[in-house]
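K.L.:
Residue-level listing of the chains:
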Amino acid sequence: MRYANYACGSMEHRLSRRRFLHQATTTAAAGSAVIGGLGTLASGTAAAELKRNDMRIVIFNMHGGLSQLESWDPKPGARTGGPFRAIPTSVPGIHICELLPKTAQQMHHLCLLRGVNTAEDDHGKGAYMMMTGRRQTPSAEYPQIGAVAAKMLHDDNIGLPGHIIVTPGGGGGRGNEAAYLGPKFASIHLGGDKPPQHSVKPDGFSEDAERRRHEFRRRINQEFLSQRRTAITDAYTHSYEQALRLMERRDVFDVSKEPDKDQQRYGTHDLGRQCLMARRLLENGVSFVQVTHSNYDTHNDNFNFHIEQVGEFDMAFSTFVADLFERGLLDKTLVVVMSEFGRTPNINLYYGRDHWSKAWSIVMAGGKVARGAAFGKTNDEGTEVVDGQVDHGQIFHTYLRAAGIDSSQSLVVDGREVPMADPAAEPIWKILT
Amino acid sequence: MATPVELDIQKTRVAYQWKHDSPLIACRISPTGAQCVSTAQDFSIQRWAIPAGERTVLKGHESWVHTLTYSADGSMLISGGCEGKLIWWPILDGEPKPIRVIEAHSGWIRGVERSSDGKTLVSVGNDCMIRLWSIETGEKIAEWPAHERHIYSAAFHPDGVHLATGDLLGKIHVWNLSDRSLVRTLDGSTLYSPNKGQAAEFGGVRTMAINSAGTELIAAGTHKGSNPFGAVHEPLLLRFGWSDGALLKSHVSDGIPGGLLYRTCCLPGDVAAAVSGGSSGGILLYYGKDQEKELHRFGLPSLARDMDANLASGLVVTAHYDHHIRVCALFAA
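Taken in sequence, the protein lines are chains A and B. Okay, so the first sequence: first residue is 1 according to our numbering, each after it adds one. Okay, so the second sequence: first residue is 434 according to our numbering, each after it adds one.
Hints should not be assumed to be uniformly reliable.
[To be verified] Covered, in the sense of this in silico footprint (three residues per stretch, anywhere, with C-beta under 8 Å from a C-beta of chain A), are these stretches of chain B:
no.: 1; segment: 521-531
no.: 2; segment: 629-637
[Claimed, not checked] Below, computed lysine-lysine pairings styled on DSS-like, alpha-carbon distance capped at 27 Å:
no.: 3; chain 1: A; residue 1: K261; chain 2: A; residue 2: K430
no.: 4; chain 1: B; residue 1: K552; chain 2: B; residue 2: K573
no.: 5; chain 1: B; residue 1: K629; chain 2: A; residue 2: K194
no.: 6; chain 1: A; residue 1: K125; chain 2: B; residue 2: K629
no.: 7; chain 1: A; residue 1: K102; chain 2: B; residue 2: K518
no.: 8; chain 1: B; residue 1: K530; chain 2: B; residue 2: K552
Since the hints were derived computationally from the structure, they do not count as laboratory data. Glycine residues also receive a C-beta, built at the ideal position from the N, C-alpha and C atoms.
Make a model of the complete structure from these sequences and hints.
P.N.:
In structure tokens, the structure reads:
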């Protein structure tokens, strides 16, 4: 038995040897499938037209599992309600948790989905489902929403990556988020307000030496590619060229160029700087940004931790949404606030809440999403969805539709059509405009 | 009031237990020992007659109540809620109703304590403010911003001049109430367990007490928070000298990998009693002045979240997650 390194160390995180080996083999298989195909649209829809629509997606990943009861679906006074009260918002009739007073004033831009049921209480599996719209299966790996957005929406000519993940610590790098789309669409990780690692030319290299080095590389590559071109060699070539362009635009990642006033408005904590970074990236044409706020895996002392964490989020997120609107970007940007699951309505012995995927909430805003709405409903104690139930498959379709992408399309991979989103699911039409 | 009993911590046993309809949060025993109160996750306060166990439910708060105190004569109960309200209850009435409700703090009230002369109430909370109130009239006497982070606990010194307050970061400020000046800051930072991997701030001075002689300040909570989200942390009780703020002893306990001291009370003989809750269950711990480890421990039937002691009657009350309030006797049967 192996243990994944998740924060809480609870039973749900245990990873069996069989499952580990299985995942390793399917990942390898997915990697090999990249050869010969980066996925072109089967329907022949003009990709250039999509890119002209200039849509973007930003996801706030509330890592560990934000409590829906301490955020979007409070149940004050219920057995499961906890100590926090509900407060009115800018939309009459919609109340959210008192830990979100600033976000409450932006409610007219938001759409709450209070009927999410993903039926998966494992961190890794839940995250996969919310990012890909599908359950993990032995037979295939699917690209995450960031990779799909980079593929469908990003304009390579801007000289910036199309899929960026901002975390407090940064580090990491290109994982397998792109699956069959290929590493070209995998993420670049940024640490808070810092540019990508190794994006400064070493002092020892002159401009001329650098230019000649790359000319030599391109010439050798060209000779090689003339006979042995594959998706992987294309990805390598792309990575080099992307890195060069990124070095030229390094200033885009410098949050200190933002006015002091803005830095104060977003908050001087990590999340504030991450959000300011996200705004800069979106304004400069990056098609997908994921901001990670950690950590919400509060099996113990849930309420104290949520006071701290949600307080930070409220300041940064509300400012971010207001800024996108004021700058005319909200219509062009789908904003999603999600986790891998929610937290149990039941309050455990240590004032904690555990993993709960049967009835939880996410938020969408911008793009083609209805504004000032609350869709779906849970029962009085928040234990079950009683109206407007949706799952990860529907949510993934909705991400795409809200960003102007026809989610019923397929991509051609190795001559085989692969539906972009789970064909068994549909978008949540009622929240789309 | 009954004749004071001779305390014997080795004799600790559950004498009475009564059940409410919801998990309990906090508890106090009256100065006479004739009643005790508890608070619950259903926002109510429960009054329990000792020893009959007759329950009266008090409703008035709109959130959880983590802290409360009796007036010196036991006729009034003042509770502080997570909605920021202080409520005065005539607790000897047949069906007590609030006689005074004050919007006292922005956010949670985490500590209310009575001064040694019985005239002044202090309240502290998440707005990082200290506020002093007249217990008799409810008039606000003073207020000042006191800490940079949430204030978790407060304790009056028996000299009537000084007040100690403790926060999330483990800072313990000692204030001179005559001019509200900061006298000194004690270092309780071992009670603060930030966890970088979980991006979590955890711990804090969860509880404080000052002995009746005024020579020692006790601060308690948790340490070794290797996995705060998973409730892996151990109980820790710090004993400071009052005159210079020096740390005299760090009291720890073996075999409690999931422990947190929710409240401490000073007993005679320089013994500090504390109740541990958390994933290791409910345990009453008694720490002597000279020993690092506890003198005695008593395992409670269920996880506990608060305690209070009445020395004259030799009773300790504990509030439990399993809906029970338990009254323990600390004297020979």
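K.L.:
Starting from K629 (chain B), check that the Cα of K194 (chain A) is at most 27 Å away, please.
P.N.:
Judged against 27 Å, a Cα distance of about 19 Å means the pair holds.
K.L.:
Next pair to validate is K125 (chain A) with K629 (chain B); report whether the Cα-Cα distance is within 27 Å.
P.N.:
This hinted pair holds, its Cα atoms lying about 24 Å apart.
K.L.:
If you look at each residue in the segment 521-531 of chain B, do at least three have a Cβ nearer than 8 Å to any Cβ of chain A?
P.N.:
violated (count 0)
K.L.:
Is the straight-line distance between the alpha-carbon of K552 (chain B) and that of K573 (chain B) 27 Å or less?
P.N.:
Satisfied, since the Cα-Cα distance of roughly 12 Å is no more than 27 Å.
K.L.:
At least three residues with a C-beta closer than 8 Å to a C-beta of chain A: is that true for the segment 629-637 of chain B?
P.N.:
holds (count 6)
K.L.:
When you check the alpha-carbon spacing of K102 (chain A) and K518 (chain B), does it fall within 27 Å?
P.N.:
Judged against 27 Å, a Cα distance of about 22 Å means the pair holds.
K.L.:
Given the proposed pairing of K530 (chain B) with K552 (chain B), does the C-alpha separation stay at or below 27 Å?
P.N.:
Given pair K530 (chain B), K552 (chain B) holds - Cα atoms ~22 Å apart, limit 27 Å.
K.L.:
Between K261 (chain A) and K430 (chain A), is the straight-line Cα distance small enough, at 27 Å or below?
P.N.:
Status violated; Cα separation ~39 Å.
The structure does not agree with the numbered hints 1, 3 stated previously, though it agrees with the rest.
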